[in-house]
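Novice: Keeping the supplied structure of chain U fixed, place chain D upon it in accordance with the hints.
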Amino acid sequence: MPDAPGLELLRGEIERDRPGAVLATSFEREQGALLADPEQILAVLAWLRDEPGQRYRFLSSLHVADYLPAEPRFGVHYELLNRDRVERIRVKAMLADPGDGSLPAIDSCVELFPTANFQEREAFDFFGIEFRGHPDLTRILLPDDYVGWPQRRDFPVGGEPVTFTYNERNYG
Amino acid sequence: MAETTALSERRETEIMTVNIGPHHPATHGVLRLVVDLEGEVVRDLRPVIGYVHTGIEKSCEDKSYWKVIPFVERMDYVSYFFQMEAYCGAVERLVGLEIPPRAKYLRTLFLELNRIHSHLVWLGTTALDLGAISMLWYCFRERDRILDLFEMATGQRMHTRYFQVGGVIEDIPLGFEQKCRKFVSEMPVRVGQYEALLDRNEVFLQRTKGVGIVPRERLLELGVTGPLLRAAGEPWDLRKAFDYLAYPEMDFKIPVGTVGDNYDRYRVRVAEMVESASIVAQCLDALPEGPFIADDRKYVLPPRSELSTSMESLIHHFKLVTEGFRVQAGEIYYSIESPRGELGCYVLADGSSKPSRVHFRDPSFVNLQAFRDMALDSYVADMICSLGMLDPILGGVDR
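So the sequences go chain by chain: U and D.
Numbers 1 to 172, taken from the numbering used here, label the letters of the first sequence in order.
Numbers 1001 to 1399, taken from the numbering used here, label the letters of the second sequence in order.
Keep in mind that the hints were calculated from the coordinates and are not lab data.
Model, not experiment: these values are computed from the prediction.
Please note: incorrect hints may appear among the correct ones.
List of simulated lysine-lysine pairs, DSSO-like, C-alpha gap at most 27 Å [to be verified]:
1. D:Lys1298 with U:Lys92
2. D:Lys1067 with D:Lys1298
3. U:Lys92 with D:Lys1319
4. D:Lys1240 with D:Lys1253
5. D:Lys1319 with D:Lys1298
6. D:Lys1063 with D:Lys1319
Have a look at the derived ranges for each label pair, beta carbon to beta carbon [stated by the list, open to error]:
7. D:Gly1175 with U:Gly6: 29 to 35 Å
8. U:Asp3 with D:Lys1240: 21 to 27 Å
9. U:Pro72 with D:Asp1144: 22 to 28 Å
Here a beta-carbon is modelled for each residue, glycine too, at the ideal position from N, C-alpha and C.
Chain U with its partners taken away, still in its complex shape:
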């Protein structure tokens, strides 16, 4: 697993081909992460996948977290894995909420990693992140006519109040 200096070296190598593609690196709890520029996310992922000596060819997981109240608030996480060296690396792209009712958008990586198909749909379904170029960006777990992005932190949990009929009748 690349450690903190290793991540900086990696960043330097990516920056040589793609200046400004990696904004920062972080290494905490024995897991390394690259913070990538969302506009160049595909370049970073493709570099990590295809560069000889890197070959992070397996996308374990793609998920989104909402860092509200931090800005930019949405983090798209790509958990990459090199199975030969048994190394994981996380690539993170932070997206801001445009605020005008439109959805935050990032390029889809389905071409690079076909496994991202369902996972990007799930991220769209729950966070309202638009993956540009996804072949079929529709809701996957929620009904098609559902309104809202329920995994966002400012989406209320909701639920129905439990009615205690005995109490209401006698003390209501």
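Specialist: Below, chain D without anything else, positioned relative to chain U:
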């Protein structure tokens, strides 16, 4: 004569869209398949999921860390110990809590028993799909013995809430070891009996051999892990690749297939049951003495006996039960090998006593993407067989 030829030609080219499920016993849960059929041959299919979505990930955000455990157990309801381990392991790594050796061994033991249990459910129901009804009863007979073991140690047959952040909730009771040893010594014999029933069963062989082959490279592209990937000849198993729990000290093999058809998938899982039984036996042999849960009172409940004598313990107990423990801001991705492949758990902590995001990378959800490749251009009946061999648990798919 000429007229009948024209008719049959037209019949061959007609594509009919058929809806299978969501309520259908062969879909192993509430999975809906929209299938384009040409005669009996599958030309296209689309799995439609979400029928048992219950918003568990969202609900977890409203619970303190220790209250999340029973929630996540109910995602993949056949491999509940694995969900617990993925979640508890992730939180332990977030707070930097080392679990004692005995807890590591006990967790490994129960995970492997759960793996056998999960594969038994799979074998029984999949063989049932292929017409081998008796397999269901034999598999569920052994499954019941595993559930008895779970009940003996944890008080519950399913959804045991046995793993805690820091270890396990209770030590195994007296008599458990003996009962467990008896089971694991008999299990390989039982597996041999299953194989004797299926391996020379002409119907079973014809239905599975050479069916549903997907090349290894394609499986990797699709992110498929677990027995499906190993059946295609890729010896990838997180238990060997990464260092977690007591697996580095265990001696076990990773069964792999050669062709990657449904028969190999069956063989790999059956061989895994024998390996798991061996791991359970090794855990019992090498079970270290000592505490079964960490001794950090900020995260772990104090022993019951101390509550009536120590004020400090009582305060710790009260704080843990009411507010729960706080976790420093940070995030973690921890993955383990579940019976279906890589089960990953992502936890984001914001410094409060509730996680601000819990996400599960469920292997059934990801593996389901390979189903189209497995079933394309095969008969409907083979599609049902491939679905069984894929072994999706819809509770895990939909969460």
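Novice: Which hint numbers does the structure go against, in order from smallest to largest?
Specialist: 1, 3, 7, 9
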